[in-house]
Amino acid sequence: MPGTQFGIFSVGDIAPDPATGRAPTEHERLTRMVETAVRAEEAGLDVFATGEHHNPPFVPSSPTTLLGFVAARTHRIVLSTSTTLITTNDPVKIAEDYAMLQHLAEGRVDLMMGRGNTGPVYPWFGKDIRDGIPLAVENYALLRRLWREDVVDWEGRFRTPLQGFTSTPRPLDGVPPFVWHGAIRSPEIAEQAAYYGDGFFANNIFWPVDHTRRLIDLYRARFEHHGHGPAAHAIVGLGGQVYMRRNSQDAKREFEPYFRRSPIYGGGPSLAETMRTTPLSVGSPQEVLDRTMRFHEDFGDYQRQLFNVDGMGLPPEAVLDQIDFLGEEVVPVLRKEFESRRAPGVPDAPVHPAVRP
Amino acid sequence: MRLAVVTAGLRRPSSTRLLADRLTEATVAALGTATVEVIEVRDHAHDLVNHMVSGYPSDTLAPAIDAVAGAAGLIAVTPTVSASYSALFKAFFDVLEQDALRGTPVLAAATGGTARHSLVLDHAVRPLFAYLHAEVVPTTVFASPEDWGGAVAPSRLADRVTRAAEELATRMTRRGDPPPRDPYAPVPFDTLLPGA
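First to last, the sequence lines map onto chains A and B.
For the record, in the first sequence the residue sitting at position 79 is 79 according to UniProt numbering, with numbers rising by one throughout.
For the record, in the second sequence the residue sitting at position 109 is 109 according to UniProt numbering, with numbers rising by one throughout.
It is possible that part of the hints are untrue.
[Stated by the list, open to error] Just a sample of chain B residues kept apart from chain A, beta carbon distances all over 12 Å, derived:
#1 T33
#2 D43
#3 H46
#4 D94
#5 L96
#6 T173
#7 D190
[Claimed, not checked] Between beta-carbon pairs, the in silico distance windows are:
#8 P138(B) - E256(A): 49 to 57 Å
#9 A23(A) - M52(B): 39 to 47 Å
#10 P63(B) - D348(A): 37 to 45 Å
#11 P263(A) - T60(B): 44 to 52 Å
#12 E97(B) - G126(A): 24 to 32 Å
[To be verified] Which bits of chain B does chain A cover? Going by a derived footprint, with three or more residues having C-beta under 8 Å, they are:
#13 51-57
#14 98-106
Just so you know, the hints here were simulated from the structure itself, not pulled from any lab data.
Note that CB positions come from ideal geometry on N, CA and C, so glycine has one too.
From just these sequences and the hints, can you work out the full model?
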C-alpha cells in the first residue's frame, strides 16, 4: 500500500458555468460525481471523497448512498468523506451507515469528521451551532464505542440515552473504518485527533500555509503527548486545489472566470495573490507538481493528499482532464519523490486489513 | 508597555490623524515611555475587505491585528461619517478575533464636520467597544473644526486630550501588556470531554 495516498475530494456544489450561464441539474451533478470517482480509479488515484451538505446548491446529502454506488462500480479506490457531519448526524446512524458501507465495499472505506459551517443546518437537525465543538467531541466518543463495543450503555448531553444497544452490522472483521478529523482552524479538533491517535486532515485550501503548518505541528506534538508515537509518525492529510493545462497561461486564463465567480474566492484577493498565499495551484502539471512538493517541505511526511478538481461550475470534461493530468503526470512523480524523502519508521497511509494485498 | 493607535482618517493629512497624534503624544508623556504602533486603517482598506471575504488576513494586515490584540492600551480615532464611525473604522474591529480586546483600556476619539456630531462617541463608538468587552476611559475626545483654531477652543481640546491621555495611561499601567495569545496552544482533552 502507498505511504501517501493521492486522491480527489469534492464539495458537490452546483454552480452555473460562467462560460454558458447554465448550471447542471442535481441529477447531472450526481452522475458526474460518480463519473469522476470512476475516472479517478482508472487514472490510478487512491482515494475519492465526497462532502456532505444539507442545503442547496449542494447535492450530496447522503454520502453513503453515493459511495455505495461508487463502490459497486470500482474495485480498488478507497472511498471517504470530506466531511461527515459529526455534529448534526446521529452518531448511531453514522456507526450503522459506515459499517454497512465498509462491508459492501470490502473495507475500502474511511471517513473524515467535520463540524459543518452552515449555521441553519444545526437548527434544521435540532442542534445549536454554539455547541459545535462539544457536539463533535461527545458524538465522536459515542461513535467510537459503538464500533468497538458490541453492547453499549450510554448517556450524554446531546442524545437520548442508550441501553443495551448493538450497532449493526459490526465493523468488517472487527476493525472500524479509519477516522480522519478535518479542521480549518480549530485547535480543539487537532487535540481530538491526537487524543485518539486518529488522522488529522488540514483542509489547507483557502488558508495560508503558515497557519496550516502551525495547526499540524500542534496535532503532531499532541499525538506524541498522548503516547501514540513520535510526532513525525502522526497521520496527516492535506487538501489542495488544482487546475491544469499543458500550458500554464491557458490554465490561468481558463480558471480565472470560475475563480472570480466562486463563492469562496470571488471578490477577494486576485488569483495571483491567492496562489501566492494559499495552496491553490493553477498552471502546468509541472507547476502543480512543484507546488505539491512544497507541501512535503512545509509539513513533513504525510499520509494523504486530496485535491479538489471540480465544482464552481467547471465543465465536466475539464474536471476529467484534471484527473488524467494527476494520474498520468503529477501523482506518479509525487509518489516517487515522497517515497524517496520518507523518513524511516513513518507509517504508511492507514487502510483496512481487508484491502491489503 | 505597548500602545496601539488605530486611526481611520481618509485624507492625507487628516484631522483624524492629527488628533490621534496629539492623543498619542499625551499618552506617551503620561506613561513616561511606551512602544507605539500606529495603524492607519486606510493602508489596510483592501486587505480588510479581502479578510472578510476570504476568512484570513493578508501578510500586512495580520501584524496590525496582532499589534492591537497585544497592546496594553488602545487609542481609537474615527472620522464621523453619516452620524457614526466610518465603515473602514468598523471594518478593522470586525475582523478582530472574539475577545481580542477583552479588558483593553481604550481611549475613544472622533473628528467631525460640526460639533453637533459630538455624541457619536457615546451612541456609536462606546457601544462598539462595550460589545468587545473593552474598557473605554471616561473622557472621550471629539474634535470639530472650531477646536483646531479660534481664541478659546484649542486650549479646551488640549485639556481634554491631556485628561483622556492620563486616564488611559493610568489604566494601561495597572493592566500592563497582555500575555501573548497563541491560537495554536494545546487544548487538553479532558477540558473538551470531562472524565475522558
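Here's how the hints hold up against the structure:
1. T33: Nearest chain A Cβ is 32 Å from T33(B), so the label holds.
2. D43: holds, 16 Å
3. H46: violated, 9 Å
4. D94: holds, 15 Å
5. L96: With a cut-off of 12 Å, L96(B) remains clear of chain A, as the shortest Cβ separation is near 15 Å.
6. T173: holds, 33 Å
7. D190: violated, 9 Å
8. P138(B) - E256(A): 49 to 57 Å: Between P138(B) and E256(A), where Cβ atoms are some 53 Å apart, the hint holds.
9. A23(A) - M52(B): 39 to 47 Å: violated, 26 Å
10. P63(B) - D348(A): 37 to 45 Å: holds, 40 Å
11. P263(A) - T60(B): 44 to 52 Å: Given range 44 to 52 Å: violated, Cβ gap about 25 Å.
12. E97(B) - G126(A): 24 to 32 Å: holds, 29 Å
13. 51-57: Check passed, 4 qualifying residues.
14. 98-106: Answer violated; 0 residues pass the 8 Å Cβ test.
Going down the numbered hints, you'll see the structure goes against 3, 7, 9, 11 and 14, while the others check out.
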